[in-house]
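Visitor: Chain residues, written in single-letter form:
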Amino acid sequence: SQKIEQNSEALNIQEGKTATLTCNYTNYSPAYLQWYRQDPGRGPVFLLLIRENEKEKRKERLKVTFDTTLKQSLFHITASQPADSATYLCALGGYSSASKIIFGSGTRLSIRP
Amino acid sequence: DVKVTQSSRYLVKRTGEKVFLECVQDMDHENMFWYRQDPGLGLRLIYFSYDVKMKEKGDIPEGYSVSREKKERFSLILESASTNQTSMYLCASSPHTGQGNSPLHFGNGTRLTVT
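Taken in order, these protein sequences are the chains called A and B.
Numbering of the first sequence is given in the working numbering, commencing with residue 49 and proceeding in unit increments.
Numbering of the second sequence is given in the working numbering, commencing with residue 459 and proceeding in unit increments.
Excised from the complex, chain A in its bound form:
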């Protein structure tokens, strides 16, 4: 069955450093990979989408890579700030607008001052 794995352990990073989160998947050939941020008690909020034919995508301090051979995406936050502390989720989607979107269990990121 399709499976998405994210860093199971929480990640603690010193402010100013680059945080790197990992998303690995099996038994799936996604057309898209998406990253979301979720704060406690709130629904996830979309951050970035990267297509299968794109290697890298950037948005301000965020960078996402997508390696379909390794079946892996890396999510980087550069110059991290305490306000970046949250849970980050990756999600995979298919080629059709009617495809289901499946999520990983998320990685909790804490940025200490």
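Bear in mind the hints are in silico, worked out from the structure with no lab data behind them.
Where hints are given, some of them may not hold.
[Stated by the list, open to error] Not close to chain A: a few residues of chain B, all C-beta gaps over 12 Å, as computed: (1) Val-470; (2) Arg-472; (3) Thr-541; (4) Thr-573.
[Claimed, not checked] Computed cross-link-like contacts, PhoX-like style, restricted to lysine-lysine with a CA-CA straight-line distance of at most 20 Å: (5) A/Lys-105 <-> A/Lys-119; (6) A/Lys-148 <-> B/Lys-529; (7) B/Lys-513 <-> A/Lys-148; (8) B/Lys-515 <-> A/Lys-148; (9) B/Lys-511 <-> A/Lys-148; (10) A/Lys-51 <-> A/Lys-105; (11) A/Lys-148 <-> A/Lys-119; (12) B/Lys-515 <-> A/Lys-51; (13) A/Lys-148 <-> A/Lys-51; (14) B/Lys-461 <-> B/Lys-471; (15) A/Lys-119 <-> A/Lys-51; (16) B/Lys-515 <-> B/Lys-529; (17) A/Lys-119 <-> A/Lys-65.
Keep in mind the model is a prediction, meaning the values are calculated, not measured.
Where a beta carbon is used, it is the ideal one built from N, C-alpha and C, also for glycine.
With chain A's structure known, arrange chain B on it following the hints.
Guide: Just chain B now, kept in the frame of chain A:
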């Protein structure tokens, strides 16, 4: 901004009750989704709908049904609530773009406790 509104933030129901969770979106999105979120398991897709009166099973549809009579509203129904359905329920919507999946817009969730 897209707004996805879930009717209740917290809900407490008894075992065996029929439970309705309502979700409304205001951006004319074609796709709507219901997920449940449990610690360590992440978001699991229960049902989704890509058009009015259309529905597709997700990964864990057992014990649930859905209704999409109007484009803006997607209801999740627990026919006979059980304690293992205690969870956070998240509704989401997205538009059709003709290019595959669009980002999801989520509501803030309904925390359901079944006693």
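Visitor: Work down the list of hints and note, for each, if the structure agrees.
Guide: Hints, one by one, checked against the model:
| no. | hint | in the structure |
| --- | --- | --- |
| 1 | Val-470 | holds (17 Å) |
| 2 | Arg-472 | holds (25 Å) |
| 3 | Thr-541 | holds (22 Å) |
| 4 | Thr-573 | holds (21 Å) |
| 5 | A/Lys-105 <-> A/Lys-119 | holds (16 Å) |
| 6 | A/Lys-148 <-> B/Lys-529 | holds (18 Å) |
| 7 | B/Lys-513 <-> A/Lys-148 | holds (11 Å) |
| 8 | B/Lys-515 <-> A/Lys-148 | holds (9 Å) |
| 9 | B/Lys-511 <-> A/Lys-148 | holds (17 Å) |
| 10 | A/Lys-51 <-> A/Lys-105 | violated (23 Å) |
| 11 | A/Lys-148 <-> A/Lys-119 | holds (18 Å) |
| 12 | B/Lys-515 <-> A/Lys-51 | holds (17 Å) |
| 13 | A/Lys-148 <-> A/Lys-51 | holds (14 Å) |
| 14 | B/Lys-461 <-> B/Lys-471 | violated (27 Å) |
| 15 | A/Lys-119 <-> A/Lys-51 | holds (11 Å) |
| 16 | B/Lys-515 <-> B/Lys-529 | holds (18 Å) |
| 17 | A/Lys-119 <-> A/Lys-65 | violated (26 Å) |
Checked against the numbered hints listed earlier, the structure breaks hints 10, 14 and 17; every other hint is satisfied.
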